[in-house]
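Q: Chain by chain, the residues:
There are 2 protein chains.
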Amino acid sequence: MSEFSKSSLNKVVRGPKRAHYDRALINEILDSHFLCHVPYVHENTSIVIPTAYGRKNDTIFIHGSLKNRMLLSLLDQEKVSLTVTHLDGLVLARSVFHHSVNYRSVVAFGTPRLVNDSDEKMEALEIITENIIAGRWAEARIPNEKELNGTLVIAIEITEASAKVREFEAMDELADQDLDIWAGVLELEVNAGRVVKNQDCKEGIETPASVKNFKFQNREVQGR
Amino acid sequence: MSEFSKSSLNKVVRGPKRAHYDRALINEILDSHFLCHVPYVHENTSIVIPTAYGRKNDTIFIHGSLKNRMLLSLLDQEKVSLTVTHLDGLVLARSVFHHSVNYRSVVAFGTPRLVNDSDEKMEALEIITENIIAGRWAEARIPNEKELNGTLVIAIEITEASAKVREFEAMDELADQDLDIWAGVLELEVNAGRVVKNQDCKEGIETPASVKNFKFQNREVQGR
Chain F
980 MSEFSKSSLN KVVRGPKRAH YDRALINEIL DSHFLCHVPY VHENTSIVIP TAYGRKNDTI
1040 FIHGSLKNRM LLSLLDQEKV SLTVTHLDGL VLARSVFHHS VNYRSVVAFG TPRLVNDSDE
1100 KMEALEIITE NIIAGRWAEA RIPNEKELNG TLVIAIEITE ASAKVREFEA MDELADQDLD
1160 IWAGVLELEV NAGRVVKNQD CKEGIETPAS VKNFKFQNRE VQGR
Chain H
980 MSEFSKSSLN KVVRGPKRAH YDRALINEIL DSHFLCHVPY VHENTSIVIP TAYGRKNDTI
1040 FIHGSLKNRM LLSLLDQEKV SLTVTHLDGL VLARSVFHHS VNYRSVVAFG TPRLVNDSDE
1100 KMEALEIITE NIIAGRWAEA RIPNEKELNG TLVIAIEITE ASAKVREFEA MDELADQDLD
1160 IWAGVLELEV NAGRVVKNQD CKEGIETPAS VKNFKFQNRE VQGR
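The listed protein sequences correspond, in order, to chains F and H.
For the first sequence, this note's numbering begins at 980 and goes up steadily by one.
For the second sequence, this note's numbering begins at 980 and goes up steadily by one.
So that you can see chain F by itself, here it is in the shape it has in the complex (with noise of 0.2 Å):
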């Protein structure tokens, strides 16, 4: 299925126009960036933790500590969501009212599940690496079967999802269009900065390939 049905979770109700439900586009944002924002419910307070994910399909994983309170808090939900955001750039318009930002973002609606199974537990780790920086797991040592026990790992089941895009120029009303004021935008990147040997690296080690190649995927998304 190429489309995500609409529900009144997912239905984009402000500024629908730059509301997509297309997998192609929802997945091409997801496999761009590694970092979600989960919200969880602690004492009826809704609060969000960033978290590094990986996709699979239409699975997201995550991982973390077995005490992880959020984790442990998503399982008890029914349906959660994970927010994914690229800011791409400052949209500068003449009035203030018009200004914005270019971005790309995902909000999508699952079923969190325990992942119990040890090969499926190893996959999603080696899903969630490889999506933050590819052909880093081929370079590390993988888990042992004690580090494995160690981790939590949630599948969430994408039932809904939509995405959000805005990335054109700034959008005045007419009557201001001939203010000596100048319009656009300044876009957002980003980048690998230094890259720092640990102290206690064994000498002779090279930079390895997966950081060498890495590139955070700032890439344009196609087919709007």
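Simulated from the structure, these hints should not be mistaken for lab results.
The reader is advised that the hints may include incorrect statements.
Identical chains blur together in the list; that is why a pair holds if it fits in one copy or across any two.
Stated by the list, open to error - Quick list of in silico lysine to aspartate or glutamate cross-link-like pairs, EDC-like style, CA-CA up to 16 Å: (1) Lys1058 x Glu1136; (2) Lys1194 x Glu1168; (3) Lys1035 x Glu1105; (4) Lys1191 x Glu1109; (5) Lys985 x Asp1001; (6) Lys1035 x Glu1102; (7) Lys990 x Glu1022; (8) Lys996 x Glu1146; (9) Lys1176 x Asp1159; (10) Lys985 x Asp1096; (11) Lys1176 x Glu1166.
Because the structure is a prediction, the values reported are computed rather than measured.
Model the placement of chain H on the given structure of chain F, informed by the hints.
A: Same frame as chain F, but now just chain H:
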């Protein structure tokens, strides 16, 4: 008061060594970003929406359309939270298990209040705008009465907050330190990219100072 007191809401349970309650540090993290993630509850499911913010003392201002479901929902809550996350680097240990990220994040809790007073509303919009891009308020056309009336502004008076910071090299098990695997940190930065002038921008208008001077504040956090 230089520290936020710890309650069951803001007391960091996982990774307490990375937790901070220091006001100066929390404010520095808040002031280095302009996008927060705010959760609200809709149909028994928590949903997170990214939104711009600005800070004045212990008050965080957010804004949106009068019909914004998230904002309206927040006003029904006694206490709301918001999360700000800086992703500063990938921590690549020898073992997958000890992979991590360097980050600075704040979770703040507070009481939401609708801003009705025109002067406070205008000030809030100036604070949000200037927090996104310093100097822009003085360059752009500020909101007129109609626009002000069409904007919903919420003040969140912070009552509790905590920061979590990880900013050091990879930490491996002693037994793994002899492996022939590279370990270190790949830093990530948010940078200004291209400046794209609006096609309908009047000729002869130069790139303004706010754009020329813009720098996303990837700055190092002091005082840990």
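Q: Going through the earlier hints one by one, which of them does the structure break, listed in rising order?
A: The structure conflicts with hint 10 only, although it agrees with all the remaining ones.
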